[in-house]
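Asks: Residues per chain, in single letters:
Protein chains: 2
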Amino acid sequence: MSIDNICVVGMGLIGGSFSSALKKAGYAGKITGVVRDNAKGNQAVERGVVDEATTDVAKAVANTDLVLLSVPMLSMREQLEKMAPVLQSHTIVTDAGSVKQPFIDDARATLPYLNRVVPGHPIAGKEKSGLDAVDSSLYQEHRILLTPLPETDEDAVTSVAQLWELAGGIVESLSPEHHDDALAATSHLPHVLAFAMVDMLASRQEMKEMFRYSAGGFRDFTRIASGDSVMWRDICLTNQAAVGQAIEEFEAHLAAIKQAIAAGDADTIETVFRRAREAREEHLVIK
Amino acid sequence: MSIDNICVVGMGLIGGSFSSALKKAGYAGKITGVVRDNAKGNQAVERGVVDEATTDVAKAVANTDLVLLSVPMLSMREQLEKMAPVLQSHTIVTDAGSVKQPFIDDARATLPYLNRVVPGHPIAGKEKSGLDAVDSSLYQEHRILLTPLPETDEDAVTSVAQLWELAGGIVESLSPEHHDDALAATSHLPHVLAFAMVDMLASRQEMKEMFRYSAGGFRDFTRIASGDSVMWRDICLTNQAAVGQAIEEFEAHLAAIKQAIAAGDADTIETVFRRAREAREEHLVIK
Numbered sequence: 001m002s003i004d005n006i007c008v009v010g011m012g013l014i015g016g017s018f019s020s021a022l023k024k025a026g027y028a029g030k031i032t033g034v035v036r037d038n039a040k041g042n043q044a045v046e047r048g049v050v051d052e053a054t055t056d057v058a059k060a061v062a063n064t065d066l067v068l069l070s071v072p073m074l075s076m077r078e079q080l081e082k083m084a085p086v087l088q089s090h091t092i093v094t095d096a097g098s099v100k101q102p103f104i105d106d107a108r109a110t111l112p113y114l115n116r117v118v119p120g121h122p123i124a125g126k127e128k129s130g131l132d133a134v135d136s137s138l139y140q141e142h143r144i145l146l147t148p149l150p151e152t153d154e155d156a157v158t159s160v161a162q163l164w165e166l167a168g169g170i171v172e173s174l175s176p177e178h179h180d181d182a183l184a185a186t187s188h189l190p191h192v193l194a195f196a197m198v199d200m201l202a203s204r205q206e207m208k209e210m211f212r213y214s215a216g217g218f219r220d221f222t223r224i225a226s227g228d229s230v231m232w233r234d235i236c237l238t239n240q241a242a243v244g245q246a247i248e249e250f251e252a253h254l255a256a257i258k259q260a261i262a263a264g265d266a267d268t269i270e271t272v273f274r275r276a277r278e279a280r281e282e283h284l285v286i287k
Numbered sequence: 001m002s003i004d005n006i007c008v009v010g011m012g013l014i015g016g017s018f019s020s021a022l023k024k025a026g027y028a029g030k031i032t033g034v035v036r037d038n039a040k041g042n043q044a045v046e047r048g049v050v051d052e053a054t055t056d057v058a059k060a061v062a063n064t065d066l067v068l069l070s071v072p073m074l075s076m077r078e079q080l081e082k083m084a085p086v087l088q089s090h091t092i093v094t095d096a097g098s099v100k101q102p103f104i105d106d107a108r109a110t111l112p113y114l115n116r117v118v119p120g121h122p123i124a125g126k127e128k129s130g131l132d133a134v135d136s137s138l139y140q141e142h143r144i145l146l147t148p149l150p151e152t153d154e155d156a157v158t159s160v161a162q163l164w165e166l167a168g169g170i171v172e173s174l175s176p177e178h179h180d181d182a183l184a185a186t187s188h189l190p191h192v193l194a195f196a197m198v199d200m201l202a203s204r205q206e207m208k209e210m211f212r213y214s215a216g217g218f219r220d221f222t223r224i225a226s227g228d229s230v231m232w233r234d235i236c237l238t239n240q241a242a243v244g245q246a247i248e249e250f251e252a253h254l255a256a257i258k259q260a261i262a263a264g265d266a267d268t269i270e271t272v273f274r275r276a277r278e279a280r281e282e283h284l285v286i287k
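Read top to bottom, the protein sequences are chains A and B. When we follow my numbering, the leftmost residue of the first sequence carries the number 1, and every step to the right adds one. When we follow my numbering, the leftmost residue of the second sequence carries the number 1, and every step to the right adds one.
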């Protein structure tokens with residue numbers, strides 16, 4: 001099936017960069033952006049991020065071949081409900097949500113054609129958000145994880161994968177449970193830790209001094225705490241169990257180091273630090 | 001007093017960059033590097049990091065106006081013991097250790113002229129270490145914290161401050177207790193968290209996959225876990241109490257977020273995340 005019309009719901013960093021990357025790569029079809037207000041829509045068109053923009057999601061998706069939903073996790077349901085009555089049976093619905101099971105639950109509860117649903121998650125992001133952060137090279141060499149349903153048509157998965165590859169990404173498929181568990185550890189937990197770390201410094205009486213005495217390492221370590229607070233709130237709430245489990249797993253590792261420090265156990269401390277350093281050096285793909 | 005001769009003990013990132021920055025800034029005196037082996041000494045001289053190099057610390061410090069000790073925390077004592085018998089009464093002894101009280105204890109236990117001791121700590125670093133990491137601009141706009149003793153001569157503090165300013169740094173003085181407590185929160189704790197985070201991923205069965213599914217945010221977040229494991233072990237052991245306290249303070253903040261996530265308390269989660277984001281944006285000097 002040829003995808004001649006794409007509708008991107010949400011013109012933030014993720015949706016805007018998807019559209020922008022496709023256009024830069026020479027995608028010949030039409031891309032329509034669904035935005036919250038006309039001013040933003042005009043901006044997206046002026047900057048060449050999309051071909052057209054509208055605030056009317058139902059109108060936009062009624063005549064499209066593929067919809068990418070890139071809105072905060074807890075706004076997905078509302079958009080799906082608006083789309084459901086007008087979707088054509090061939091239209092592919094994919095998303096860019098950071099947690100997959102809740103999107104699948106929402107899709108099952110609202111959409112008429114589950115065989116056209118291809119849940120997805122591009123593992124790419126920046127601390128900046130919004131149209132100003134749009135970057136046509138955001139997905140270059142980044143992994144795009146798809147978690148198809150048992151019902152999903154193979155051609156729908158292929159179409160979504162081909163578009164992400166055109167946008168520069170490397171596509172992999174896995175189960176939603178596996179995705180949500182892995183991302184809780186590799187992404188959601190680090191964000192929670194960074195937010196907790198900055199909040200701890202901010203709660204100290206000598207807060208300004210605390211930030212003055214921090215250097216580049218701290219800046220890098222806490223950069224992800226500049227992420228959108230609503231988006232990360234939604235991720236924590238929709239991936240509640242896996243994030244909670246990852247926090248507890250982390251707490252156990254931290255407690256072991258704390259105990260080794262309290263006991264003056266030089267060997268254990270050095271072993272853990274060296275093991276971490278070596279694992280990071282050896283396995284981290286994007287250094 | 002004019003500082004015509006400087007002796008830098010330890011030719012790693014910190015000591016080498018100090019020397020390199022001074023030479024680049026036009027320092028007219030002679031700088032001698034004390035190294036562990038001749039090969040490294042030759043390298044340091046060939047690269048213009050120092051004017052001369054030697055493995056004999058006693059010989060090097062006997063005729064110098066100022067000594068900068070930049071060796072791991074737990075190697076300080078041994079170097080001070082070697083220096084003590086030959087130090088002249090006018091020679092200033094400063095250091096670059098990340099924890100100040102233990103250096104002061106070592107200095108009190110070994111050195112003959114405490115009025116010439118100026119404990120110091122440049123808040124600058126990189127994940128890389130060794131002579132290859134030397135960078136003459138490392139200290140530009142970075143804070144250098146000095147924690148003089150009650151006995152320290154004012155002219156000794158001034159001399160050390162002037163050299164660091166020549167190297168590009170911004171000098172501040174504070175008490176060693178205050179320093180060790182603040183740095184436990186702003187530097188030592190983030191490193192412990194990054195090591196614990198990477199160690200947790202590395203301990204998962206699907207370790208390689210974990211690292212593959214991590215993106216730029218995780219890379220930045222854990223970059224400091226590539227720091228030298230011996231150096232960070234020593235910091236944790238020599239600042240044991242303050243680091244332990246900072247870990248516990250962090251654990252309480254993390255537990256509060258964990259509880260809010262488990263309870264589905266959207267308001268609390270968003271408030272903490274937003275507060276952290278705003279505090280970082282407002283107060284972090286080096287963004």
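Some hints could be false.
[Unchecked claim] With a straight-line Cα cutoff of 27 angstroms, these simulated BS3-like cross-link-like pairs (lysine-lysine) come out:
| id | chain 1 | residue 1 | chain 2 | residue 2 |
| --- | --- | --- | --- | --- |
| 1 | A | 30 | A | 40 |
| 2 | A | 24 | A | 82 |
| 3 | A | 126 | B | 128 |
| 4 | A | 40 | B | 40 |
| 5 | A | 128 | B | 126 |
| 6 | B | 23 | B | 59 |
| 7 | A | 24 | A | 40 |
| 8 | B | 59 | A | 126 |
| 9 | B | 128 | B | 258 |
| 10 | A | 128 | B | 59 |
| 11 | B | 23 | A | 126 |
| 12 | A | 208 | A | 82 |
| 13 | A | 23 | A | 40 |
| 14 | B | 208 | A | 208 |
In short, the hints are calculated from the structure, not lab data.
Asks: Hints the structure violates: just list their numbers, smallest first.
Replies: 2, 4, 8, 9, 10, 11, 12, 14
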